[in-house]
Amino acid sequence: MDIQRSLYFGFTLNLVLTAQLLRVGYVIVHYLILCKSIGVILSYGYRLNVEQLLLKNANRSWLEADKNLVSVRHSDPVTAKDIMLMSPAFDDEKTISLCIESVLGWAIATEAFVNLAWQNTPSTSGLEEKQFKGTVDKIKYLCKKNEINYGSLKWRDDLVELFKLRDYLVHYKDPITYIGFSFAPKYQRDFSRQNMERYQLSVMSLMEVLGGKLGMDISFLTGEFELFYYSE
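The C-terminal position of the sequence shown is numbered 256 in the numbering used here, with every residue numbered one higher than the one before it.
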């Protein structure tokens with residue numbers, strides 16, 4: 025009798041456990057089906073959209089700086105003709121700092137975007153980058169490999185000037201500079217509204233042209249910034 029009870033108990037327990045396992049399995053299967061139907065990704069990869077963050081912050085800094093620009097008198101060194109610039113005031117530390125942040129941010133955002141494009145191009149992804157002098161050289165090479173006429177890009181010189189200014193700021197080693205009463209200091213000329221808008225436009229234009237040619241996501245150029253890029 026005890027043996028029969030034990031067998032009965034064991035059989036009943038197995039039935040209960042089997043039913044519970046089937047119920048759990050049923051729930052899991054339906055959960056997976058539901059996740060798939062609503063587009064939930066259970067396993068994915070991601071990366072930070074660094075180039076977007078840098079561009080977003082640089083644009084924001086420039087937007088704030090632009091509100092504080094003042095009229096600055098400057099003289100053309102060749103013709104001595106007076107030129108009026110909209111620039112940071114001589115000792116406006118906050119606005120000057122915002123302009124520096126913008127220039128550095130635009131330059132680094134460009135570098136990050138170019139490096140991403142470099143990896144997305146089969147003909148360049150395996151190349152040794154040390155053979156190129158800098159970002160501008162890499163841009164020229166990418167344009168050549170992707171049948172983009174670099175020489176026809178109207179903003180290319182402005183982009184070059186942006187990187188020259190970035191290098192100047194990062195490797196700042198100028199001695200004390202003496203100026204006349206009629207000449208604006210270099211930083212007021214570099215950070216004038218006219219120049220800053222050219223720098224910004226050259227960066228946005230490069231991303232639009234290169235990104236469009238390579239099929240990269242450039243929706244952030246219209247303000248649709250995303251912190252992460254996801255991949256299943």
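Rather than coming from a laboratory, the hints here were simulated on the basis of the structure.
Treat the hints with caution; some may be incorrect.
To be verified - Taking lysine-lysine and the DSSO-like style, the derived pairs with C-alpha atoms no more than 30 Å apart in a straight line are:
{"id": "1", "residue 1": "105", "residue 2": "237"}
{"id": "2", "residue 1": "169", "residue 2": "91"}
{"id": "3", "residue 1": "188", "residue 2": "168"}
{"id": "4", "residue 1": "154", "residue 2": "168"}
{"id": "5", "residue 1": "210", "residue 2": "157"}
{"id": "6", "residue 1": "178", "residue 2": "188"}
{"id": "7", "residue 1": "118", "residue 2": "164"}
{"id": "8", "residue 1": "157", "residue 2": "91"}
{"id": "9", "residue 1": "210", "residue 2": "91"}
{"id": "10", "residue 1": "168", "residue 2": "91"}
{"id": "11", "residue 1": "210", "residue 2": "197"}
{"id": "12", "residue 1": "91", "residue 2": "188"}
{"id": "13", "residue 1": "178", "residue 2": "162"}
* Asked: Okay, which hints does this one fail, numbers in order?
  -> 1, 2, 7, 8, 10
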